[in-house]
Amino acid sequence: MSRRFPRNAFLRAFTVLVMAAIGSVAAITVGASPAYADGCYTWGRSLSSGMSGEDVRQLQIRVAGWPGYNNTIVIDGIFGAETRDAVVRFQQAYGLGADGIAGPQTFNKIYSLQDDDCTPIHFSYAELNKCNTTWAGGAVSAATAKANALRAMWRLEALRHALGDQALRVTSGFRSTACNNAAGGVSGSRHLYGDGVDLGSGPHSLCTIGKQARYHGFTGILGPGYPDHSDHIHTDARSGTLWSASQCF
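All the letters of the sequence shown, read from the start, carry residue numbers -20 to -1, 1 to 229 under mature numbering (1 follows the signal peptide of the UniProt record, and there is no 0).
Honestly, I wouldn't trust all of these hints.
Claimed, not checked - With a straight-line cut-off of 30 Å between C-alpha atoms, the simulated DSS-like cross-links for lysine-lysine are:
#, residue 1, residue 2
1, K126, K89
2, K126, K110
3, K89, K191
4, K126, K191
5, K191, K110
Please keep in mind that the hints were generated in silico from the structure rather than gathered at the bench.
All chains should be modelled from the sequences, with the hints used to inform the complete structure.
This is how it looks when you write it as structure tokens:
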């Protein structure tokens, strides 16, 4: 004679199987965590050491503010050691898994930090160019000046985050030759190249800003103690290094 499976035991077993199946689906969904599309630029693959391409170059622009003390990132589309280190610092700064691989979590954080024109959410082209609307008339082409300003903004975004996500006050950015002359700028000023940005005091003192800027890809830093820089910190991305703010450093 066959034994009947107790009804309550059957229901318990069925419930366990259903819950296990739901848990498996949920685990798969959470584990995948695909990066969502973005209005500015969407990455289609994870990036790691040894890879190259336009997607690497776009990543480098956005992590250029995380090279470490007295370092910079060459934006060349090649994922080398300096890019990996910058990705790690970016991930650490935003509480992500710091493995040096730019995957969905890293891209989603970048997407949350940028507007549809690729500028970081706390800075704008208009803020970096109070001279004209064309970006023309400087020491480089308009396109190059604008591209340099975009890179400067991502360095500023990193600096802002490192200073507790409090506002940075931009007092001057790109200048044409005419605007530079009117402002009393020196010939050869980095403002003519689009990467020169002056910051005024605000939530932080000028010296606090200048000292922290040394960790975020700025190779030119001039401030209090340097002639005509008592009321602002000048930052840029010149070739070589020039830090001069004797009242701070």
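Consistency of the hints with the structure:
no.	hint	result
1	K126 - K89	24 Å, holds
2	K126 - K110	13 Å, holds
3	K89 - K191	26 Å, holds
4	K126 - K191	26 Å, holds
5	K191 - K110	26 Å, holds
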